[in-house]
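Number of protein chains: 2
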Amino acid sequence: MKTIEALKWRYATKKFNPNRKISAQDLEILRKSVNLAPTSYGLQMFKVLEIENPELRAKLKEASWGQSQVTDASQLWVFCSYQSHNPADVIAFSTRKAKVQSLPSENAQKYAEFVNQSLSNQPVEAFQNWTEKQTYIALGGLMIACAELGIDSCPMEGFSADQYDEILGLSAQNLKAAVVVTMGYRSDEDTTAALPKVRKELSDLFVAV
Amino acid sequence: MKTIEALKWRYATKKFNPNRKISAQDLEILRKSVNLAPTSYGLQMFKVLEIENPELRAKLKEASWGQSQVTDASQLWVFCSYQSHNPADVIAFSTRKAKVQSLPSENAQKYAEFVNQSLSNQPVEAFQNWTEKQTYIALGGLMIACAELGIDSCPMEGFSADQYDEILGLSAQNLKAAVVVTMGYRSDEDTTAALPKVRKELSDLFVAV
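Residue numbers (this note's numbering), protein chains in the order written: chain A, 392 to 600; chain B, 392 to 600.
Mixed in with the good hints there might be a few duds.
Since the list gives no way to pick out one identical chain from another, each pair is judged satisfied if it fits inside one copy or across any two copies.
[Stated by the list, open to error] Straight-line alpha carbon distances no greater than 30 Å define the calculated BS3-like cross-link-like pairs of lysine-lysine that follow:
{"no.": "1", "residue 1": "K490", "residue 2": "K501"}
{"no.": "2", "residue 1": "K412", "residue 2": "K501"}
{"no.": "3", "residue 1": "K488", "residue 2": "K406"}
{"no.": "4", "residue 1": "K501", "residue 2": "K393"}
{"no.": "5", "residue 1": "K423", "residue 2": "K490"}
{"no.": "6", "residue 1": "K488", "residue 2": "K588"}
{"no.": "7", "residue 1": "K438", "residue 2": "K393"}
{"no.": "8", "residue 1": "K399", "residue 2": "K438"}
{"no.": "9", "residue 1": "K406", "residue 2": "K393"}
{"no.": "10", "residue 1": "K591", "residue 2": "K438"}
{"no.": "11", "residue 1": "K452", "residue 2": "K501"}
{"no.": "12", "residue 1": "K488", "residue 2": "K591"}
{"no.": "13", "residue 1": "K405", "residue 2": "K591"}
{"no.": "14", "residue 1": "K406", "residue 2": "K452"}
{"no.": "15", "residue 1": "K488", "residue 2": "K423"}
{"no.": "16", "residue 1": "K412", "residue 2": "K399"}
{"no.": "17", "residue 1": "K452", "residue 2": "K393"}
{"no.": "18", "residue 1": "K406", "residue 2": "K591"}
{"no.": "19", "residue 1": "K490", "residue 2": "K591"}
Hints listed in this document are in silico derivations from the structure and should not be mistaken for laboratory results.
Predicted model, so just to flag it, every value in this text is computed and none were measured.
Given these sequences and hints, build the entire structure.
Right, dumping it as structure tokens:
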């Protein structure tokens, strides 16, 4: 069972080999896994910034408690969720949906109105928590996609979203850094790779009701 | 590439076959996928309630805008995240970690103190958002594990967390319903199964910086 094998193989990589890069072909698969992840209503209210510029990487490392993965990993992806509701995003989605699924345009318009109505009733903070959560679904799938390709990864919450905002100019784009993923290949010196996983007993995690 | 195939195969199932059940063997694999999902610090601050009681299912359906998946799907799993920080949870984790990874107990104690310090500084609402997000990582992996086994699933946010709380007595257990997943096998009548997926262009979702 590939998913279980992938989940067992992966670990939160602490030290990457700075000289090994993920191939363009594998990167395209990883991007597809994110794009195919389910999101609420299918809206995909986030962007992924792929940070390549070494100077930006160095600044972001400082904004991430100096964690070496930010500069050493082959890839640094910053999942940025939308910060406020813009009805145009929903209209764009429902127009795309109508086209792809050959639906009458009236249906698309009605659906957009329904979703926009429901989103406009949300307080802004609830909206932000909700869009952030959507990026975590994609994150869960991405970790598995990486492992299946033999690619190491480290999901990271230990960063200052405010400093990321400042360095990357996110608010001006209606974005906020929700979660960061570094990906590449482990360094031989990463001693944490050999540590056994720590997990609850299934009977502690699952309760039949 | 199994992950991509799984993500392409899956869809948010609207109508389940109420007569087809997931085997005990497959259920154990699905539980393992949730248990192996990464979580922040490895703390796994959630429980999954597997709702089997038909009367509870009927009540929860009402609290889920009448969606038929809640009663018709083979499984109804309610991901419930912890609502407030209890230092004992972190101590239990670090004790388990020390045992599994053969670490000195002083290290475990220091680590628990560090994590407890960092969590006790969080406002309760931030804590709740954070534990909720962790369940979405597991959700992302679970959808892939299901698809790989040919099991249909539908992640659901359309429910009243307050009513779930009341029906399942969650607050008394320091829990809150974060997200719901129904799993089983699609009904032949689910016409949404044939609809093509609607996704952004990769160039709209990913931005190189």
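Taking the hints in turn, this is what the structure says about them:
1. K490 <-> K501: within (15 Å within a copy, 57 Å between copies)
2. K412 <-> K501: Classified as neither: same-chain Cα gap 46 Å, cross-chain 36 Å, threshold 30 Å.
3. K488 <-> K406: Only across copies: K488 and K406 sit 20 Å apart there, 42 Å inside one copy, limit 30 Å.
4. K501 <-> K393: neither (41 Å within a copy, 36 Å between copies)
5. K423 <-> K490: within (21 Å within a copy, 39 Å between copies)
6. K488 <-> K588: Intra 42 Å, inter 8 Å, cutoff 30 Å: inter-copy only.
7. K438 <-> K393: Close inside one copy (28 Å) and across copies (24 Å); limit 30 Å.
8. K399 <-> K438: Classified as both; 28 Å inside a copy, 20 Å across copies.
9. K406 <-> K393: Both: 25 Å inside a chain and 27 Å across chains, each within 30 Å.
10. K591 <-> K438: between (33 Å within a copy, 10 Å between copies)
11. K452 <-> K501: between (45 Å within a copy, 25 Å between copies)
12. K488 <-> K591: Between copies, since 10 Å is at most 30 Å while 41 Å is not.
13. K405 <-> K591: Answer is within; shortest intra-copy Cα gap is 22 Å, inter-copy 32 Å.
14. K406 <-> K452: Answer is within; shortest intra-copy Cα gap is 14 Å, inter-copy 47 Å.
15. K488 <-> K423: For K488 and K423, only the intra-copy Cα distance (18 Å) is at most 30 Å; the inter-copy one is 35 Å.
16. K412 <-> K399: So K412 and K399 pass the 30 Å test inside a copy (23 Å) and across (27 Å) alike.
17. K452 <-> K393: Neither. Shortest intra-copy (33 Å) and inter-copy (33 Å) distances fail the 30 Å Cα cut-off.
18. K406 <-> K591: Within one copy only: 26 Å inside, 33 Å across.
19. K490 <-> K591: Between copies only: 13 Å across, 46 Å inside.
In the structure shown, a violation is registered for the earlier hints numbered 2, 4 and 17, in ascending order.
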